[in-house]
Each structure stands twice: as structure tokens, then as C-alpha cells.
Amino acid sequence: MTVLTIKPTAEDHRIAYLAALAIALMLMEAALPSPLPGVKPGLANIVTLLVLKQYGLRTAVWVSGLRVVAGSILLGSFLTPSFMLSLGGAVASLAVLWLARGLPERYFGAVSLSVLAAFAHVGAQLTIVSLWLMPTVNVFYLSPVFAAAAWVFGLSNGLITAYLLTSHHGNSQHESAT
Amino acid sequence: MKFSWSAMALIRRGDWGVLLLGLLVVIALAKHYWMSPPGQHLVIKRGGDVFLTASLQQPFSVNVPGPLGVTQVEVRDQRARVRSDPSPRQLCVRQGWISHEGEAAICLPNQVSVEIVGQVRRYDSLNY
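Top line first, the protein sequences correspond to chains E and R. Quick note on my numbering: the first sequence kicks off at 1 and runs consecutively. Quick note on my numbering: the second sequence kicks off at 1 and runs consecutively.
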């Protein structure tokens with residue numbers, strides 16, 4: 001008999017821990033009532049941004065992917081349209097964050113990344129809905145509402161992330177920027 | 001003091017640019033989808049067939065007979081509405097005035113729909 005042991009690395013532990021945190025936020029949010037279906041603060045994105053800033057894109061992709069898959073299994077929406085929307089939003093956000101790597105950190109902080117990711121998230125979801133779920137309805141008619149929500153929650157999540165980053169690092173590199 | 005922070009320190013110079021750009025996107029979308037010039041024509045359909053196409057410029061009202069009864073459609077001030085309808089839930093009546101391209105009031109039980117169409121005339125009124 002052979003025993004197969006998988007030794008989780010420190011990074012595996014970190015990814016699992018952070019994904020669990022993101023999933024908890026996602027579940028919390030799902031319990032909150034929303035004025036319009038689909039308008040959510042996206043608190044789990046704070047975790048994605050923190051991970052991106054501290055551990056890099058690779059870890060952020062892992063945490064985000066695990067959050068979408070495991071979170072939807074817990075919510076019972078795995079492979080349903082709402083899972084596809086979640087996945088599409090996550091993929092688009094990560095793609096934009098990947099592109100935004102090039103922005104100079106001195107001028108563009110967590111707020112920029114958060115707002116850009118939020119817009120990508122909403123844009124991808126509206127596109128999925130209009131192309132696949134409701135091709136006959138002009139869902140873009142609602143796009144100003146979703147874009148405004150993305151702006152507000154992108155800003156607030158970005159501020160929370162920026163605050164957490166500075167408070168964790170005390171007097172680190174960003175302090176000298178001002 | 002362990003750390004000092006303010007909203008100003010959390011938002012860097014480029015962030016203001018991104019925020020401004022985001023606002024512009026919101027405004028542009030709102031202008032494009034909500035403040036677009038009002039639709040030019042309306043199309044009333046009954047049971048999937050075109051019952052009437054008309055311009056929104058002239059006020060008029062029309063009675064559309066459906067399986068349940070008569071649906072009254074009213075056009076005034078370049079807007080249209082279903083004034084009364086025999087459908088039980090009155091969804092199309094409660095929708096109120098519609099004026100933008102792509103907007104529609106659909107009285108499903110009575111098989112009557114009122115739709116606003118824009119500059120591109122899908123139906124040429126001269127041909128009817």
C-alpha cells in the first residue's frame with residue numbers, strides 16, 4: 001500500500017486562509033438585501049486587492065478563483081447563471097488588474113485599482129446578461145445605475161484597502177510619497 | 001504616532017484621475033441611455049402583428065381591441081402610455097409614460113404592446 005502525502009506549502013496555507021476570508025465576506029453580503037439585483041458592495045474584492053498588493057497577481061488569481069467556485073457551491077449557485085456572472089466578473093476584474101500593473105504606484109494606489117476592477121466587473125456582467133441571459137432586453141438601459149454603483153463601491157473598497165495597507169505597514173514605503 | 005493617515009493620503013494623485021474618469025463614464029452612459037433624444041415613432045402590436053405605427057409628434061389616442069377587451073393608448077407631448085387596459089395586473093398601465101427608444105409597455109394578457117422606436121425606421125409609415 002502506498003500512502004500519498006501532499007505537503008501543503010506556506011503559500012497554499014496562505015491562499016486557503018485568504019480565500020476563506022473572501023468567501024466569508026461573499027456569504028455575508030449575499031445575506032444582505034439589495035435595492036437592485038446585482039448591486040452589491042463586493043467586499044470580497046478588498047481581499048483580492050490586499051492579496052494583489054502584498055503577494056502578487058498569481059496569489060490573487062488563486063484566491064479569487066477559489067472564492068468564486070467555493071462561494072457558489074456554498075450558496076448553491078454553482079454552474080448556474082449567477083455563478084457564470086460571478087466568474088465573468090472575477091475574470092474581467094483580474095484582467096484589468098493585470099493590465100493596471102503598469103501604472104506607477106507612486107500616483108495610482110489601491111483606489112485606482114479598486115475602481116478600475118469594479119468597472120470591469122460590472123461591464124463584464126452586463127455584457128454576459130445582454131449576450132447570453134436576456135438577449136431581447138436592453139439591459140444596458142440600466143448601465144448608468146450599475147456604473148454609478150461600481151464607482152461608489154470601487155471608491156469605498158479602495159479606501160478600505162488603502163487604509164488596511166498603510167496601517168499594516170506602519171511607516172513603510174508609501175509614507176515618503178507625501 | 002504609529003501611523004498618520006487621512007483620506008487625502010489614501011487617495012493618490014492618479015487616483016483622482018481614475019475617479020474623475022469613472023464619473024465621466026457614468027455621466028456618458030446616463031446621457032447615452034437616458035437622455036438620448038426621445039424616440040420618434042411608436043409601434044403598437046397586437047398578437048405579434050403590427051397594429052399601428054405612428055409618429056410621437058402629434059397627440060392622439062387609439063383603441064386597440066384584444067382578446068380581453070380594449071386597450072387604450074394615448075400619445076401626448078412626444079410620450080406614449082397605456083391609459084387603460086383590461087389585464088388583471090395592470091402592469092402596462094402602471095408603467096406610465098414611455099418616450100425613449102427601446103422602451104415598451106407590454107399588456108401581455110391582452111396581447112397588446114406599445115414600443116418606442118428611434119430614428120432608424122424599422123417600419124416605414126408610408127408603406128402602411
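Calculated directly from the structure, the hints in this document are not laboratory data. There's no promise every hint is true.
What the hints assert, rightly or not - Taking CB as the label site, the calculated pair distances span:
1) R:91 <-> E:167: 22 to 32 angstroms
2) E:36 <-> R:23: 40 to 50 angstroms
3) R:76 <-> E:152: 20 to 30 angstroms
4) R:17 <-> E:77: 29 to 39 angstroms
5) R:47 <-> E:102: 35 to 45 angstroms
6) R:91 <-> E:130: 40 to 50 angstroms
What the hints assert, rightly or not - If you want the ones that stay clear, here's a sample from chain E, every Cβ over 10 angstroms from chain R, calculated:
7) 53
8) 116
9) 143
10) 155
11) 158
What the hints assert, rightly or not - With the C-beta cut set under 10 angstroms, the calculated list includes, among others, these residues of chain E facing chain R:
12) 31
13) 35
14) 36
15) 77
16) 78
17) 98
18) 101
19) 118
20) 151
21) 154
No residue lacks a Cβ here, since even glycine has one placed at the ideal position from N, Cα and C.
Worksheet entry | Satisfaction of the residue 31 (chain E) interface hint, Cβ to chain R closer than 10 angstroms | Status violated, d = 28 angstroms.
Checking hints one by one. Is residue 151 (chain E) an interface residue toward chain R, by the C-beta closer than 10 angstroms rule? holds (5 angstroms)
### Message
Checking hints one by one. Is residue 101 (chain E) an interface residue toward chain R, by the C-beta closer than 10 angstroms rule?
### Response
violated (14 angstroms)
Least C-beta distance from residue 53 (chain E) to chain R larger than 10 angstroms:
Holds, because the least Cβ-Cβ distance between residue 53 (chain E) and chain R comes to about 13 angstroms, which exceeds 10 angstroms.
Is 29 to 39 angstroms a correct range for the gap between the Cβ atoms of residue 17 (chain R) and residue 77 (chain E)?
holds (37 angstroms)
- Interface hint status, residue 98 (chain E) versus chain R (Cβ within 10 angstroms): Violated - the Cβ of residue 98 (chain E) stays beyond 10 angstroms from chain R, reaching only about 16 angstroms at its closest.
- Taking the closest Cβ pair, is residue 35 (chain E) under 10 angstroms from chain R? violated (17 angstroms)
ask   = Do residue 36 (chain E) and residue 23 (chain R) keep their Cβ atoms within the hinted range of 40 to 50 angstroms?
value = Given about 20 angstroms between the Cβ atoms, the range is violated.
Regarding the hint that residue 36 (chain E) lies at the interface with chain R, is the smallest CB-CB distance below 10 angstroms? violated (15 angstroms)
Residue 158 (chain E) and chain R, when compared Cβ to Cβ, separated by more than 10 angstroms: Non-interface label fails for residue 158 (chain E): nearest chain R Cβ at 7 angstroms, not farther than 10 angstroms.
Residue 152 (chain E) and residue 76 (chain R) - C-beta distance against the hinted 20 to 30 angstroms
violated (37 angstroms)
CB of residue 91 (chain R) to CB of residue 167 (chain E), is that within 22 to 32 angstroms? At roughly 51 angstroms between Cβ atoms, residue 167 (chain E) and residue 91 (chain R) fall outside 22 to 32 angstroms, so the hint is violated.
In summary, the numbered hints that this structure violates are 1, 2, 3, 5, 6, 8, 9, 10, 11, 12, 13, 14, 15, 16, 17, 18.
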